[in-house]
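The chain contents come next:
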Amino acid sequence: MNIGLLLSVVIDGLAYALIIYLIAAGLVIIFGLMDILNFAQSAFFMLGSFITIFLLYTFTKNFILAVLITTVIGFIIGLFIEIALLRNLYGNPASQMLITLGVMMVIIQLTIVFWPMGLVFPLRDPIFTGVIRIYSTSIYIYKFIVILIGISVFLTLHLTLNKTLIGAKLRAGIENRELAEVFGVNIKRTFTLAFGAGTAITFFGGSIASPWLNANVEIGLSFTLLAFAVIIIGGMKSHTGAFVSSLIVGLIHQLSAYFLPALTFIIDIILMVLVLLFKPEGLFGLRE
Amino acid sequence: MKHFKKLIDKTSTSLNASLIIALLFTLPAFIGSPHWLSIFTIALIWAIFAISYDIIFGQAGILNFGHTAPFGAAAFVAGYLMYIGLPFILALIMGIISGIAVSVAMGLPVRRVRGVYYAILTLAFAETIRLSIENLSRYLGVSISVSPGYPPIVWSTLFYYFNAVITVLLCISIVLGLISKVTSLSRISIGDLLSALIGVVVAVVVSLGIASILSGQILYKFRIITVNFYYLTLIFFLLSYYLAKRIIYSPVGSVWRAIRENPIRTEVLGYDTYTYSLYALAVSGALAGIAGTLFASVTIINSNTAFSSMNTIIVLLSAILGGAGTLIGPIIGMLIVQILRYILASAPLLSYASMAIIGIIYIIVVLIFPYGIVGTWYFKAIKLRRRIMKILSTRIK
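Chains as they are written, first to last, in numbering that gives the first Met the number 0: chain H, 0 to 287; chain E, 0 to 396.
The set of hints was computed from the structure by calculation and includes no laboratory data. Since the model is a prediction, treat every value here as computed from it, not as a measurement. Note that the Cβ used here is the ideal one computed from N, Cα and C, for glycine as well. Incorrect hints may appear among the rest.
Residues on chain E that point at chain H, a partial pick, calculated with CB under 8 Å [as the list claims (entries may be wrong)]:
| id | residue |
| --- | --- |
| 1 | I312 |
| 2 | V365 |
| 3 | P369 |
| 4 | I372 |
Label-pair restraints from in silico Cβ distances [unchecked claim]:
| id | chain 1 | residue 1 | chain 2 | residue 2 | range |
| --- | --- | --- | --- | --- | --- |
| 5 | H | N175 | E | Y241 | 21 to 29 Å |
| 6 | E | Q216 | H | P260 | 55 to 63 Å |
| 7 | H | S137 | E | I83 | 49 to 57 Å |
Turn these sequences into a full structure, and let the hints steer you where they fit.
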C-alpha cells in the first residue's frame, strides 16, 4: 500500500463524512427540538442536488448562485411542510414522523417521475474537474472544497447555537421545551424556524455534493441509513456529536469501500448496532 | 333435532362472517379478466403481511421498520425449497420457521432499545440483509434470485372442486342462518329486516356464482391455475385472519395491548413484557412467513423484491391508512393500496406517479383521520349506533 492511496482514501472519507454531516446536522436539530425523526431528510438531500443541477441546465451557469437559490428553496419547502403538515400534529411525534415518511415517499416518487435517469452535473470548470497529484495519486480539488465548506458550516452552526440569542432559544428548547416556553420563548416559531433551517442545510448539502456525486435517486436512499447511524452514534440531540460521529462513519465507510468492498455499509451498521446495544444514548448524548 | 337446532344457532351468530367469506369464495365468478383476479390474489398476499404487521405495530405497539426481513427470509427459503422440488407444505413450514427465527432474532434487543431507536435498528437490520445479498451477488458475479412458480397443487382439478364444495357449504350455512334468524325473532325491527334482506341478496348472488363455478363456466375466462392459486391464497388469508383474531382476543393479546398502552405499568403488574413482546414478534413472523411463501410463488424473489424497505413502508402505510390495531383496518388499507396502485399504474398520465399519489393520500389520512379509516369509523360508529338505537327504539310492532 502506498502513501498516496492512503491519503486519497482519507481525503475521500473526510469529504464523504462532511456531506453526511450536512444531512445529520438537520436531523439532529429537528430531532433535538421537535422529537421528530425526519425520514424525509435524505429525500431533501436528493432533491437539493436535483434542483441545483436543474438550475444549472436551465437558469444560470453560476454554481454559487444555484446553490444559494437551492438553499432558499429548501428553506421555503421546510417552512411549508412545517406549517402545512406538522403544525397540526404538535404533541404527537409519532404521527409527525409518519408524515415525514409520507413526504419522503412523495418526493422520491415524484423525482423518479420527473428525472428517471438522474442528472449529470454539467459544468466542466477546472475547480470541479481538476485534480491535484500527490505521490502519483490524483485527488479531485473539489473534495478539498467540500471539506472546507463542511467545516465552515459546522463552525457557523456551532457559533450560532452557542453565541447567539436564537441559538440560546434553540438550546433551551432542546433542553426543556416546557420550561423554555414558560420563560418566554415562542416555541412554535422556534419549531418552524428549526425545521426550515434543518431542511435548508440539507438542501445546501445536496447542492454542494452535486458536482461530485451528480444527482440520482439511489444516493438519497443510501445516505439515509448513514445519517441515522451518525446521529445514533453521536447521540440523537448533540450537534457536536453529529459532527464527530459523521467523521468516524465517513472515514470508516470510505476505508471499507476501498479495502473491504464486500463489507461496505455493513461495517457502519454493525458500529451503529454496537453503540445502540452498549451505549443507547450515543457517544456524546446525555444520559436521561 | 337438538343438534340441528344447535347448528342453526351457531350459523346464525356467524352469519356476517359467512356472508363475507362466501362472497370472497365466489369472487372469481364475478371478475371479468384474469388480470384483475391475479391483482386481487397479490393484494390478498399483501393483506396477510398487513395482518402480521398489525400484530406487532397495532397490538404490541412495537415500531418495527424492518418487517420486510422475516417476509423476505421466508420468501427466499421457501422459494428455494420449492425450486428444488420439495412439496409446497414443507416449503411453507420452513418458510414459517425462518420467518419466526428472523423476527425473534430482530426482537432480541427490544429490551434495551425502544421506540425510535428500535425503528432505526430494525431498518438497519433489514438493509444489512439486503446489502449483504447484493454485495455477495456482486462478489460471486451471479444474480441471487429464485422464482419457483406456482406450487403444483394449483394444477389439480380436485382442489378446484374442493373449493366449490366449500362454497356450497357456505351457501347452505347462510341459508340456515337466515332461517334461524327469521324464526327466532319475536319482534321484527328495521335493523333485522335490513340484515335479512342483505343476507337474501348475498345468498342469491353466491348461488349464481356457485352455478358458474360448478358448471366450470369460469374456466372459460381463467386458467385453472389462476383460480386455484386465488383459492389457495384465500384459504391462507382466512386462516391467518382467524389465527390472528383468536390470539388478539386471548389473554396474550390483552397483555400486548397493555404493553402498547403502558409498558412500565404492565411490567409492574407482573407481566414479563420482554417475553410477551417476543411472542408478538414470533406470531407476526409466522404470518409474515406465510405471506412470504405465497409471495415467492408469484414473483421473482431477489434482494430488491424481498428485502426492500419499500415493503415495510407499504405495510406501515396501509396499517396507518386502515387504522392500526383494528386488524381489519390494515387489511382494508392494504387492499386499497394495492388495488389503487394497479389502477393508477394502468391510467395513462398517472402511471409513474402512482406511489406518489398513494403517499399524498396517506399524508391526508394521517392529518384528517389519525386513527385510520376503520379506526375513525369505530369512533364514529359508537355515536352512530347510539343515534340509530334512539331512532329504532320505536320498534315496529
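Consistency of the hints with the structure:
1. I312: This interface hint holds because 6 Å falls under the 8 Å limit.
2. V365: holds, 5 Å
3. P369: holds, 6 Å
4. I372: Violated: closest Cβ of chain H sits about 15 Å from I372(E), beyond 8 Å.
5. N175(H) / Y241(E): 21 to 29 Å: violated, 49 Å
6. Q216(E) / P260(H): 55 to 63 Å: holds, 59 Å
7. S137(H) / I83(E): 49 to 57 Å: holds, 50 Å
Of the numbered hints given earlier, the model fails hints 4, 5; all others are met.
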